[in-house]
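Visitor: Residue numbers (our numbering), protein chains in the order written: chain A, 1 to 238; chain B, 1 to 397.
Since the hints were derived computationally from the structure, they do not count as laboratory data. Cβ coordinates follow ideal geometry from the N, Cα and C atoms, glycine included. Each hint should be verified, as a subset may be incorrect.
Stated by the list, open to error - Label-pair distances were calculated between CB atoms; the ranges are:
| id | chain 1 | residue 1 | chain 2 | residue 2 | range |
| --- | --- | --- | --- | --- | --- |
| 1 | B | L15 | A | D228 | 57 to 67 angstroms |
| 2 | A | S122 | B | K387 | 27 to 37 angstroms |
| 3 | A | H144 | B | S368 | 38 to 48 angstroms |
| 4 | B | F3 | A | L235 | 48 to 58 angstroms |
| 5 | A | S193 | B | V284 | 54 to 64 angstroms |
| 6 | A | D166 | B | L15 | 43 to 53 angstroms |
| 7 | A | Q90 | B | L274 | 53 to 63 angstroms |
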Amino acid sequence: MSNIEKITISLRGIKKLYKVGNQEVAALNGIDLDIKEGEFAALMGPSGSGKSTLMNILGCLDRPSVGSYKLDGQEVAHLSDDMLARTRNQKIGFVFQNFNLLSRISALENVALPLVYAGVDSDEREERAMYFLEQVGLADRADHQPNELSGGQRQRVAIARALVNDPQIIMADEPTGNLDTKSTKEIMEIFQSMHEKGRTIILVTHEPDIAVCASRQLLVRDGVITRDEGKGVVLDVV
Amino acid sequence: MAFTALLANKMRSLLTMLGIIIGVGAVIAMVSVGMGVKSDVVNSISSLGSNMLIVSPGSTNRGGVRGAAGSRTNLKYDDAKAIKEKIKNIDFVSPSVSRSYQIVYGNQNWNSSVMGVTPEYMSIRSLEVSTGSFVSESDNNKRNRVAVIGSTVATNLFGTANPVGQNIRVNNQPFKVIGVLESKGQSSMGQDQDDVVIVPLTTAMERLMAMDYVSSVNIQVSDANKMDQVQEDIEVLLRQRHKIIGGKEDDFNVRNMTSLMETMSQTTTMLTILLGSIAGISLVVGGIGIMNIMMVSVTERTREIGIRKALGATFQNIMMQFLIESVVIGVIGGIIGIGLGCGLSMLVGKFGNFTTVITPLPVLVSFSFSVGIGLFFGIYPARKAAKLDPIEALRYE
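Chain B extracted, bound-state conformation (with noise of 0.2 angstroms):
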């Protein structure tokens, strides 16, 4: 019966569907270019590598005047080495220095972020090696110079040829390229990870940058849950080992990446929810689009509620008929509109610089809202029309 309505006016139906379902498709379409933005912005801080934890120094403070965070010079190598040794749910303890020097090859220089690390950095940031291999445990022992470069580095000293057993110069001293790293490209704040030479962390401390200390330490805990236990642990071993007692500060910081995530996650979550509430906007619209139409439905009709209710159909009975009509517009709507919504986003993953994600939850939550809103919308000129009175509405011209 509702179809038989709808069917006589193909077009009206038609335009007054067109409302719904550009709002469900709006809103499918926005909460996926949010999702998209917030699975790019989680991959791109987890490619720094997950549930980190990084220690750096404390500042300095000499007769009450502080310097910088990390100017301190007391994180030990042997700290990291305690920190794997003694606590548990870590999987990669990675110390590690970094200083610029000029990288001279040949006739070309290139001046670059030297790092010295252990092999087990190479995991903890997720790193490839595209030719060649990666610092070894041994190469750290024995203070090898050695290194392992990024490709920006690699195609400003050596174009194209291959740089892979060569040697390049750091700070006047020789080093023999042993491999070139897999590109990572720019990260979340804009830096290029692949402008980076990689050396040994003893080479870089005992040989380039006579250090005695460690600028940081990149902690992997095995268990996301383990977070604040193992940060926790971390503090208590190194206040020991520093001789920290009481009441006195910390004189190195532990830092949580997934506090990081989280923020970031979190303001995405809301970037999303403001997205899909703008075109949830037009889908209420698209509800009063029904509403209206629903309106001229009854009036142009009266006399065909006239004639039910002469032949016995109750409030109800008519009631139904016209709420049935407002839902199955809202059903179809959606349904067209879910459609339209998901080719909408795969068109933008496809063709626009976004990334999106369709998860059901914004398909069934925009498709129960258009069901909801063609029933909200349908009781008003429902009840409009049930409450007509007989005669009056027989004798509607």
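One chain only, chain A, in its complex shape (with noise of 0.2 angstroms):
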């Protein structure tokens, strides 16, 4: 291993514009950035700051007009739909607000379900999804529906299915938004410790709170980021 701390995600100059009527509007205006490896960064903003933009960007489900995307060494800022497709399954894991479980397979299926597009025969499926549901504590859930599961239970199937793949970066879109607080408390735990492990995450939310337990936190105000802070300082979003 070197010494010197590997960057995961390298961002520059990434600018996103739209055009309404005639007009070009910038949602995201010349964001520089890295991330290392390992680290935990919130990234935090106001609705319409261009924080939605910047996560879509981070996690390929979207190209910026201009500049640069380095993830893991690989320059994908202008890669091809299905390019992009490959990299979200092969190095992102995504959790998001609404869980975005299937509804009609089991959470077993649900989590084996990036392996699916990754090629992975069905024997090997299911013995790593069974693992990675172990981790998170729902191996005697493995063959119930979303919908027979609790809110806290679904979130942490789509924990296991955003890691099934072993990727590069974790990306959190809320994940504590539609949660009571005791799974909010649990899914923050698991956080922590895949943190610990050493998973590098990115979490999107505007709870404060839920920022601090985050090592960097990052300020989106404007389509440019405001502030660049260690753990511990209390952002105020609005």
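Both chains come to you apart, so use the hints to assemble them.
Guide: As structure tokens, then:
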């Protein structure tokens, strides 16, 4: 292992422009950002700040209009749709606010879904999915469908799904937004323990008390990063 | 995966399949009815005798005034004998004469057509004798006054009594009934084939009708492929015998029953294709039903598509998922449709007045059509699904 910290995400001059009528509106207006391997970064900002756009670009769901995005050393800013899909599949694990589990299939099958698109055969899929379900403490619920699980359990299934392909980064978009206090605490503990195991996590949130768990806090406003703080500082979003 | 999706909407999937089921079923049932009609027609024509050539005399020509076809009197019994001796690839030659007479038995009488024939007539027309025997070679040689009667004649003259051994009077001459023909029913032209009295050819010509010519000669050729050759040989032989030289017109006609059969079977094939294509329209309508429901399904599952895309599904992955679904509808619908169509055509065959024939070809064609339709009408919705933007799709409520 090299003692120089590896940079997982490197954004340079990222802009995202939309045409509204004759005018061009910049949702992101020149973002430079490095996130090191193992960092737990919280991305904050009021609605309309460009926070969601930045997250979509970081998650390879969208392409910037201008700029460079190196993920794990590879330039991904201007890949084709299918190449982006492959990048998402192999390097990014998603955790969403509303869980986004498929309702007709079991928890285990939900966890195994990214492996289907990675081309892993079915025996290995089941084995790996089961391992990660155990990690989030839901091995006994493997056969349950999402609607038979509580909100906290669903989010844990989603986390297992995000981890199953061993991605470089975990993108969590308001993961506790739909959860009660107790479940929120559980989920944040899981994120903490993932962080301790060295996972790179990007957490999008608007709640300062969630963001303080992170090792780094970024504030986006009007399409630029206005503040970049370490752990412990409470940023006022509004 | 496709099955899970289809099972999740059982009723909807079933209704969608119904379009295909009815389409495939209709095609198979209609085509089998059409094929049945065809086989009926072919059978009734070949019951006249297969591979038949009919030689008949030409028309008279007196000073430019032409008479009716067959009005000439120059087709002789000897011509028939010569054809049999000299031309190859012939099974049977059966010259015949016929005329209508009043037939009398006791106090009953009946008007029927009396035919003078040789024993070969039985083979050539595939006749069967239900009681007694047919005209024999020796009857023909000795000009015996014997008769074989059709079942219509038998019923009208004898009622339920056995006619064999009784004497009937034809044109005031006594004839001994030696047999009764097996009933053949109506011909395809609507004639009662059982309303006939058969006597030896020589008896008819010399004792009954005082004719020295025959009215037609039926010839059965041994091989269907030799028909044209044999027809030509007969024409050459008869021109020679009748001393017709150069460009002069034939004084006889040779007609080919196969060409009639071909025309009829072509007509019925057209009928079958027509029926099949009308039914095929309902198959296409069923396909549009698939497309409709797949469009609904894509819209309804926008969010699912978004999730799958976020997790790494490519254009092709999503495309295949929806295509397989619509093809599965086509396949299952096609299989059930085959069952329905075969069942329907068997029912029609059993209880309707139709003969139905199920052949593998329409079954295969309509099945592959239904699969093809599932594929074709699935492409547009599947493409629509695969092209969805993952961000939009994830936001969709």
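Visitor: When the structure is checked against the list of hints, which entries are broken? Sort them ascending.
Guide: none
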